[in-house]
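Given the sequences, and given the hints that come with them, work out the whole structure.
Note that the protein sequences, when read in sequence, are chains A and B. Per my numbering, the first sequence starts with residue 1, numbered consecutively. Per my numbering, the second sequence starts with residue 1, numbered consecutively.
Where hints are given, some of them may not hold.
As the list claims (entries may be wrong) - Listed below are the simulated EDC-like cross-link pairs for lysine to aspartate or glutamate, each with C-alpha atoms no more than 16 Å apart in a straight line: (1) 316(A) to 409(A); (2) 25(A) to 91(A); (3) 143(A) to 488(A); (4) 512(A) to 502(A); (5) 143(A) to 77(B); (6) 139(A) to 80(B); (7) 143(A) to 80(B); (8) 316(A) to 91(A); (9) 550(A) to 502(A); (10) 139(A) to 76(B); (11) 316(A) to 92(A); (12) 9(B) to 402(A); (13) 320(A) to 140(A); (14) 28(A) to 92(A); (15) 25(A) to 92(A); (16) 139(A) to 77(B); (17) 5(B) to 402(A); (18) 28(A) to 91(A); (19) 320(A) to 402(A); (20) 47(A) to 59(A); (21) 5(B) to 409(A); (22) 320(A) to 409(A); (23) 73(B) to 488(A); (24) 44(B) to 31(B).
Bear in mind the hints are in silico, worked out from the structure with no lab data behind them.
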Amino acid sequence: MTISFMPPFLIFLIGAFFALFLRGKVLKWWIIIVPAVALVNAFLLQKGFVYNVHFIGLDLVPLRIDALSYVFGLIFCIISLLNSIYAYGLDDYRHHVAALLTEATALGIVFAGDYFSLFLFWELEALSTSYLIAIGGRKESAKASFRYLLMHVTGGVFLLGGILLHFYQTGSIAFNYLGLTDLASLLILIGFGINAVFPLIHTWLPDAYPEASYAGTVVLSAFTTKSAVYALARAFPGTEILIVAGVIMTAFPIFFAVIENDMRKVLSYSLINQVGFMVTGIGIGTELSLNGTVAHAFAHILYKALLFMSMGAVLKQTGKIRATELGGLFRTMPWTLTFCIVGAASISGVPLTSGFVSKSMIVAASAHQGLTIAWFMLLFASAGVFHHSGIKIPFFAFFSHDSGLRPKEAPFHMLLAMGIAAFLCIAIGVYPWALYSILPYPVHYIPYAPNHVMEMVELLGFSALAFTLLMLSGIYPPEMRAINLDFDWFYRRGLQLFMYIDRKVLVEFEDKVVNTAYEWLFLNPLMAFAKFLKGVDTYVIDGTVNGSAKATYSVSKSIRKLQTGNLQDYMILFIIGILILACVIILLRGGI
Amino acid sequence: MNPYKFFEKPNSLKITLIVLFTFLAIVTVLDLVIPKEAEYGFEKFPSFFSVYGFVACVVLVLAAKYILRPIVKRKEDYYDN
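Right, here's the structure in full:
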C-alpha cells in the first residue's frame, strides 16, 4: 500500500514546534494553515491502515486507522481548524502552541493502537491542557490549573498501573477490546473515567474549564473528554457499569446548571451531561447505541464548541460572564446570539439540528434493550438540557434584564468560526446520512419518523412552557453571585485537613517520637559502639573508627532530611517509583 | 437591521406567549392524529411526552432551588479562606 498521508498528530506536533518561534501575522496564518493541512490530510487517510514498529521489545502501533478512530480523527481536525479561526485575534503565542499541542495529543490518542503510545499522548494531553488553563489570565487560572493537573496525574497513575498489570498478565500492550474482567481492566477504566468525567471524579471539569481564556475553553471543550469517550468505546463497549455511570452523569449536572451563575460553568455542567449520553451508549454496547455514541460525539464537539465560542465572544466583548452581570445583549450582538441559538437548539436535540439525529439513537437503543429506568432518565436529561443550555444560556446572556451593556459585535473571524460550526450543526441535522455513512456500523435507524419527531417536539415544547411559567410566576431561582459547592469540596477541604494534620501532627510526631527513637535505637548505639571500639584500641584504629562514626552520623543526618513531610515530594517520589517499576518490568519482559 | 429589535417593543412578551401557546396547542392536536409506534405501552397515552417534559422541568427547577441550592451555595470567596 502506498502511503499518501501523514500521521495526523505529526502535523500538529510540527505545527506546535514552529509556532514556538513564529510571531505576529506569520503566526496567525500558521495556526490556520496547520489544521487546514491536517483536514485535507484527514480525507486522505486510508481506513484499515496499521503502522507497526518494534521498539525496546514492544510491538508499538502508533497509527491505526479504522472506522472508529477515523470518525474521531476527522472531527478533531475539523474542530482544530475552527479553533484556530476563532483564536486568530489572540496575540498570545503560548495559547497557540498549547492549542496545537492539545490537538496533536488528542489525535495521537485516537490513532494509537497500543497502550504505550496511548499513555504517552494521554499524559501529554493532560500537560498541554493544564497549561492552556494556567495561561487563562483569570484570577483562579493558575490554581485551577494545578488542581486540574493533580487530578489528571492521578488518573494517569491509575492508567499506567492498569496497563502494566495488563501487560504483565497477558504480555500484550495492544489497545483493543478489554472489558471489565480483572484488576488491570478496572484500573484502566478508572484512568479513562477521570478524563471521561465519571460521577464524583468529574469535579475537575466545572472547576477548571471556566478559568481558561475565552478561546482556551473552546479548545478544552473538544478534546480531553471526547478522546476518553473514544478510549472507552474502544476498550469497554457493553460494560454494564457504564450505563449506570452514564445515566448518573446525564442527570445530576443539570441541577447544578440551573443554579449556576457563571455561564461557562453552566456549559461545563451540560458538557458532563452530554458525555453522559455517550457513556450510556457505550455501556449499552449494541450497534445502534455505539453508532449513537460516535455520532453524538461528532455532533457534540461542534455544538459544544459553538456554545463556548458564543459565550467566549460575550466574555471577550464585555469582560463579564456571570448571568447576574449580563443580559440585553441582543441589541448589539445579534450574530453571536443567532449562532448561540443554533448551538442551543442542537444541544437540546431540536429536529433539523445535529443533536436530534445523534442523541435519539442512544435513547432509542436504551428502549430497544428494555432499559426502562435508563430511558426515563435520558428523557429527563433531554428535557433538562434544553432547560439550562437551550433556554438559560441564550436567555440570560442576551435577553433577561437589560444590563445596560452595549458591546460591539464579535470580530469577523470569531463570527466566521461560529458561522461554520452553526452551518455544520444544521447540515448534520438536515442531512444526517453523510454522518451516518462514516459511523463504525451500518445504520438502519430512521431519525425523522413522524412519531419520533413529535416526541421530541412535545418534550421540548412543554419544557419551554415550564420555563416560561416559572419565570413569569417568579418561582424560577434568581441568579445569584455565589459559588456552588460540588464534590470537590471533599478533595479540597480534605486536602487542607490532610495538610493541617500533616503539619500539626505528623511533623510533630516525627520530630518528637520518630527522631528520638531513631537516635536511641540507631545513632546512640552506634556512637556507643564507636566509643567502645575507641576504648578497646585507641592507638591502632583510633582515626578510622572516629571517621566512620562521623560518617555514619552525617549519613544518618542526610537520610533524615529525606523525610520532608512535603506532599509534593512524596508524590514525585511515588511517580518516579512507578516509572522505575515500569522500566524494570519492560526490561525484564521485553529485553533489549 | 437587527430582527431582535422586536423584543424591545412593549407588547413583545405578549406576542411571544401567544405564539408559544398556539404552537403547543397545535402540537397537542397533532399528537392525537399522528400514529404512534412505541416500545412501551405508556408512550401511546395522549401527550405523554408533553406531560413528562413539563413535569420533569418543574421538578428539576424546584429541586435545584429548594434542595440543592441551600446545601451547596457559598460566598464567592469561600475557598480563599
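Worksheet item: Do the alpha carbons of residue 316(A) and residue 409(A) lie within 16 Å of each other, as the hint requires?
Response: With a Cα-Cα distance of about 10 Å, the restraint between residue 316(A) and residue 409(A) holds, given a limit of 16 Å.
Discussion item. Run the distance test for residue 139(A) versus residue 77(B): straight-line Cα separation, threshold 16 Å.
Written reply: holds, 11 Å
Worksheet item: Is residue 316(A) close enough to residue 91(A), meaning Cα to Cα at most 16 Å?
Response: holds, 14 Å
Discussion item. Against the 16 Å threshold, does the CA-CA distance of residue 5(B) and residue 402(A) hold or violate the hint?
Written reply: Status holds; Cα separation ~13 Å.
Worksheet item: Are the Cα positions of residue 320(A) and residue 409(A) separated by 16 Å at most?
Response: Distance of about 15 Å is within 16 Å: holds.
Worksheet item: When you check the alpha-carbon spacing of residue 320(A) and residue 140(A), does it fall within 16 Å?
Response: holds, 15 Å
Worksheet item: Is the hinted pair residue 25(A) and residue 92(A) satisfied, with a Cα-Cα distance of at most 16 Å?
Response: holds, 12 Å
Discussion item. Run the distance test for residue 47(A) versus residue 59(A): straight-line Cα separation, threshold 16 Å.
Written reply: Judged against 16 Å, a Cα distance of about 20 Å means the pair is violated.
Practice prompt. Take a quick look at whether residue 28(A) and residue 92(A) sit within 16 Å of each other, Cα to Cα.
Written response: Measuring from Cα to Cα gives roughly 10 Å; hence the hint holds.
Worksheet item: Straight-line Cα separation of residue 73(B) and residue 488(A) no greater than 16 Å?
Response: The given pair, whose Cα atoms are some 14 Å apart, holds under the 16 Å limit.
Discussion item. What's the verdict on residue 143(A) and residue 77(B), does the C-alpha distance respect the 16 Å limit or exceed it?
Written reply: Given that 16 Å is the threshold and the Cα spacing comes to 14 Å, the pair holds.
Worksheet item: Would the pair residue 9(B) and residue 402(A) pass a check requiring their Cα atoms to be no farther apart than 16 Å?
Response: holds, 13 Å
The structure does not agree with the numbered hints 9, 20 stated previously, though it agrees with the rest.
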